[in-house]
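Letter by letter, the chains look like this.
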Amino acid sequence: MSMFTEAEAKAILDKVIKLSVADECNASLGGSINGNIRFALNNVSTSGIVSDTSLAVQVAFGKRTGVATINEFDDAALERVVRRAEDLARLAPENDEYMPELGKQEYLPTPTYAQSTADITPEYRAQVAADSIDPCKADDLVAAGFLSDNAGFSAFANSKGNFGYQTSTDVNFTCTVRTADGRGSGWVTSNYEDVTKFNAKDDIKIAIQKAKGSADAKALEPGKYTVILEPAAAAGLISFMMFGFDARQADEGRSFMSKKGGGNRLGELVFDPRVSVMADPWSTDAPAFPWDGSGVPRKKHAIIDQGKVAHLNYSRYWAQKQGKPMVANPGNLLMAGGTKSTAELVKGTAKGILVTRTWYIRLVDPQTVLLTGLTRDGTFYIENGEIKYPVKNFRFNESPVIMLNNIEELGKPMRIAGDESNFAMMIPPMKLRDFTFTSLSDAV
Amino acid sequence: MDRRDFMQYTGFGLAGLMLPGFGRAVAAETLVTPMDVALKKAMADVALNAATGAGATYCDVRVGRYLNQFVVTREEKVQNVVNTESTGVGIRVIANGTWGFAATSNMTSAGVAAAARQAVAIAKANSRNQTVPVHLAPTPGVGEVSWRTPITKNAMEVPIKDKVELLLGVNAAALKAGANFVNSTLFVVNEQKYFVSTDGSYIDQDVHRLWAPLNVTCIDKATGKFRSRQGLSSPVGMGYEYLDGAATGKVLGPNGLISYGRSYDMVEDAIAAAKQAQEKLKAPSVKPGKYDLVLDPGNMWLTIHESVGHPTELDRVLGYEANYAGTSFATLDKREAKFKYGSDLVTLFADKTQVGSLGAVGYDDEGVKTRRWDLIKDGTLVNYQAIRDQVHILGENASHGCCYADSWSSVQFQRMANVSLAPGKDKLDVAGMVKDVENGIYIVGAGSFSIDQQRYNAQFGGQLFYEIKNGKIGAMIEDVAYQMRTPEFWNSCAAICDESDYRMGGSFFDGKGQPGQVSAVSHGSSTTRFNGVNVINTARSLG
Chain A
1 MSMFTEAEAK AILDKVIKLS VADECNASLG GSINGNIRFA LNNVSTSGIV SDTSLAVQVA
61 FGKRTGVATI NEFDDAALER VVRRAEDLAR LAPENDEYMP ELGKQEYLPT PTYAQSTADI
121 TPEYRAQVAA DSIDPCKADD LVAAGFLSDN AGFSAFANSK GNFGYQTSTD VNFTCTVRTA
181 DGRGSGWVTS NYEDVTKFNA KDDIKIAIQK AKGSADAKAL EPGKYTVILE PAAAAGLISF
241 MMFGFDARQA DEGRSFMSKK GGGNRLGELV FDPRVSVMAD PWSTDAPAFP WDGSGVPRKK
301 HAIIDQGKVA HLNYSRYWAQ KQGKPMVANP GNLLMAGGTK STAELVKGTA KGILVTRTWY
361 IRLVDPQTVL LTGLTRDGTF YIENGEIKYP VKNFRFNESP VIMLNNIEEL GKPMRIAGDE
421 SNFAMMIPPM KLRDFTFTSL SDAV
Chain B
1 MDRRDFMQYT GFGLAGLMLP GFGRAVAAET LVTPMDVALK KAMADVALNA ATGAGATYCD
61 VRVGRYLNQF VVTREEKVQN VVNTESTGVG IRVIANGTWG FAATSNMTSA GVAAAARQAV
121 AIAKANSRNQ TVPVHLAPTP GVGEVSWRTP ITKNAMEVPI KDKVELLLGV NAAALKAGAN
181 FVNSTLFVVN EQKYFVSTDG SYIDQDVHRL WAPLNVTCID KATGKFRSRQ GLSSPVGMGY
241 EYLDGAATGK VLGPNGLISY GRSYDMVEDA IAAAKQAQEK LKAPSVKPGK YDLVLDPGNM
301 WLTIHESVGH PTELDRVLGY EANYAGTSFA TLDKREAKFK YGSDLVTLFA DKTQVGSLGA
361 VGYDDEGVKT RRWDLIKDGT LVNYQAIRDQ VHILGENASH GCCYADSWSS VQFQRMANVS
421 LAPGKDKLDV AGMVKDVENG IYIVGAGSFS IDQQRYNAQF GGQLFYEIKN GKIGAMIEDV
481 AYQMRTPEFW NSCAAICDES DYRMGGSFFD GKGQPGQVSA VSHGSSTTRF NGVNVINTAR
541 SLG
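First to last, the protein sequences are chains A and B.
Using the working numbering, the first residue of the first sequence is number 1, and each one after it goes up by one.
Using the working numbering, the first residue of the second sequence is number 1, and each one after it goes up by one.
These are calculated hints, taken from the structure and not from any lab test.
Check the hints yourself; a few may be wrong.
Stated by the list, open to error - Stretches of chain B that chain A covers, calculated by requiring three or more beta carbons in the stretch to come under 8 Å of a beta carbon on chain A:
#1 82 to 88
#2 126 to 134
#3 214 to 221
#4 319 to 325
#5 444 to 452
#6 479 to 487
What the hints assert, rightly or not - Dumping the calculated DMTMM-like pairs for lysine to aspartate or glutamate here, alpha-carbon to alpha-carbon at most 20 Å:
#7 B:LYS435 x B:GLU467
#8 B:LYS225 x A:ASP246
#9 B:LYS334 x A:ASP181
#10 A:LYS321 x B:GLU75
#11 B:LYS225 x A:GLU268
#12 A:LYS392 x B:GLU488
#13 B:LYS225 x A:GLU252
#14 A:LYS260 x B:ASP220
#15 B:LYS77 x A:ASP96
#16 B:LYS161 x A:ASP96
Each residue gets a CB set at the ideal place from its N, CA and C atoms; glycine is no exception.
With the sequences and hints as input, model every part of the structure.
Dropping the structure here:
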């Protein structure tokens, strides 16, 4: 059994809290049913369903804490997991940063669940694979892809009477299409709560078009170029930058958000004034759970407001130590943009490079958030508003902070989540000047 | 392992424990109590009988118990102590010429038999779309055998108190030596794996691994500049004896640098890290251009991993990983054409038997006895890494023995063996290597890394960089990253130090597959010289 109703979850959690003799107890119960199908070389390679449920119990004697988890839920098992956590807590050294459990909080439900996704069948998954493979086979192309769907719940309770429960679903699809001779490669990604918004037949056309269009790429000299990053290409860089929004790291002087001489850059103009990013768990496009990792209720608020830093992530401990109000850490990033599609941004570009996807992004220098990585699966030269020809892939060395100060134009935000981002995001295609490509790659 | 993984694995409290694959947390004493072999054999036999009874022509069963312990600290604080255990049975079958897999944590006879029948049902269902039946290389049954990582001190038996004292001592030493911040962690892993197959193998293995990373940060408050230096240890297939800091495990390098082989002095390294992080704050920025690079084994391992280990994985070469990890430039036609991967000095071999390595096991996860084989021989691409259902594609009839699953609940597939650069045959130390370098950079430790999806274009950083001028290693420099095209890079290999300089580095969390799995793998080399490599300057200004 992997899905518990709110009443079932609460009954287990209440039992656990009651069993504990520690000063404080927090119990967290989560379960999911994950289905997937993987295909490569135009054949299904693996498919499966994994069900899992887990109970984690954290107890505290003073500032000594212990954690234990279990995946059985009879009375004896519940007793066992509580005693294990208590035994570990008695052995543990004191943690000065331990924060007392939160009192009762109010969590307003957010739209993270769609029954349509929970109802996905093995036949549906097989059909998605067929819808991806068949048009590729017919066009002498080779498809490799992965569909993963998830339905789950998350619940928690503590000894101070706090309780939360919410269900969620998620479907994530990626497909790489390559020409049979290996000269062209295209890719597409989709991620939704509600699978009725997903259409593999439409998606695969994008990957096919990119694969055929990217064959016979020409080499351009590396250097600084005007680029249009599609949302999937920009998401990995922007989400990496968000690691730097940790208030403690900034206050400690080891983040690009640190201020010379001490403190952080909250309130400062760090980005182009056209950059605005919100957190809003009730977003219908990219919702998030109504609580963060420490159980603090999330709110709608600005993270970057017209280029100014409006929010840094504080842990409960650091907020208290610094005398700051506790604001929940965001669960989504909603970046403002314009109304133009990627194609319309291309039309307005005299010379530039269109980037479908970025890959293997790694931090080179945390001081400046300098990131390196490569373009992949469709990189094209633009001239006079038209895509002229495919170009060979580039390695970039660029900071998203510099990127977001070199904005020419932002397009219409699209949802990106799953493999491409740590967050559910709404992110626009971005036209940027002086994007730094440092070398060419022969990879297709 | 990427940063995201590290953040997760060292996460606080519940968030760090709710990850799939980590299993349930257990009390410390549970970690040193092995499962009864007779019980495992009985369970596996139930699965074999149920699978063959349902129509399987082949079946293997892995009864797995996976134990992990993490101790995470920063400065004078213990942030987390976690023990986890995950136990269950994974059953893989061939029915109608097609693979099927199912796994269960229900270790009753009924539960195991049901999972075996489910695996057969999945195989039969998938066989409707199978175009070519599975071709399995023959593997002789080995009967009842066992293998254990040759450890002398089981890290699971060392009290948590001792581990906490070690790490807090490391942190105190770094702070005293001038560090502003320090994080240190211990990861202890024990895989107890019992493999049984219809070939007649009953293989009981007890695999141990250990990793002790640290990271020191120094800050110049006046300029706002900060620099970090990570520890120079390696994750190892060893017990707690790795942390004894024995003199025999140390290598004294140029400029007083100490590197570590089969033993690690964590306190000594933390003190050096604090001093070197301060030096990094003042070091001049590199002038970009072409340099002769002299790469310490602590830097080499990651370059070998990305530019040789991954491109010679046969499933990537064939296209099975095209949607995730990528494909490979080292295609089968290149092997036919005797592709010159590197200079004549370069021999790179795969080896699942190297003592102390992360990948060392007696038998892989499909019961194949492990061994060593060449991938690049005297510069020429000669082979790949392949498992039982792949080697026939290479014209071979025995698996290379590099199949692995990261859990009883994950299906085993081809994973990278330890891939290492053979040491130079002629006597040569670092000083001897450097003496005719006119304009070079000596790089120690692994840093930032990125490579394209066919493994051509890569960029690597490091922990410490020293300029080499007219045959002498000089002052520290900063902001260095080298860029390469894999074949040109390995063909620029001009010298390799001898066996006395040979050390292994490695990755504790190498990711592959969808759904993703991790594996641990080591890469050995001696210090190696590459001529005329492109170096970029990574310094930027945010205004």
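Hints, verified against the model:
1. Restraint check on the stretch 82 to 88 of chain B versus chain A: 3 residues with Cβ-Cβ distances below 8 Å, three needed, restraint holds.
2. Counting residues of the stretch 126 to 134 of chain B whose C-beta lies closer than 8 Å to any C-beta of chain A gives 4; at least three are required, and the coverage claim holds.
3. Counting residues of the stretch 214 to 221 of chain B whose beta carbon lies closer than 8 Å to any beta carbon of chain A gives 3, which reaches the threshold of three, so the coverage claim holds.
4. Under the rule that three or more residues need a Cβ within less than 8 Å of chain A, the assignment of the stretch 319 to 325 of chain B holds, with 6 such residues.
5. For the stretch 444 to 452 of chain B, the proposed coverage by chain A is satisfied: 5 residues have a C-beta within less than 8 Å of a C-beta in that chain, meeting the threshold of three.
6. With a cut-off of 8 Å between beta carbons, the stretch 479 to 487 of chain B has 4 residues touching chain A; three or more are needed, and the interface restraint holds.
7. Distance hint between B:LYS435 and B:GLU467 is fulfilled; the C-alpha atoms sit about 13 Å from each other, no more than 20 Å.
8. At roughly 17 Å between alpha-carbon atoms, B:LYS225 and A:ASP246 fall within 20 Å of each other, so this suggested pair holds.
9. Taking the CA atoms of B:LYS334 and A:ASP181, the gap is near 15 Å; set against the 20 Å cutoff, the hint holds.
10. For the hint linking A:LYS321 to B:GLU75, the alpha-carbon distance of about 17 Å falls within 20 Å, and the restraint holds.
11. Only pairs whose Cα atoms come within 20 Å are accepted, and B:LYS225 paired with A:GLU268 is accepted, the gap being roughly 19 Å.
12. Of the supplied pair hints, the one linking A:LYS392 and B:GLU488 holds, its CA atoms being roughly 18 Å apart against a limit of 20 Å.
13. Straight-line distance between C-alpha atoms of B:LYS225 and A:GLU252 comes to about 12 Å, which keeps the hinted pair within the 20 Å bound.
14. Between the alpha carbons of A:LYS260 and B:ASP220 the distance comes to roughly 9 Å, so the proposed pair stays at or under 20 Å and holds.
15. Distance hint between B:LYS77 and A:ASP96 is fulfilled; the C-alpha atoms sit about 7 Å from each other, no more than 20 Å.
16. The suggested pairing of B:LYS161 with A:ASP96 holds, with an alpha-carbon distance near 17 Å, which does not exceed 20 Å.
When the structure is compared with the earlier hints, no violation turns up for any of them.
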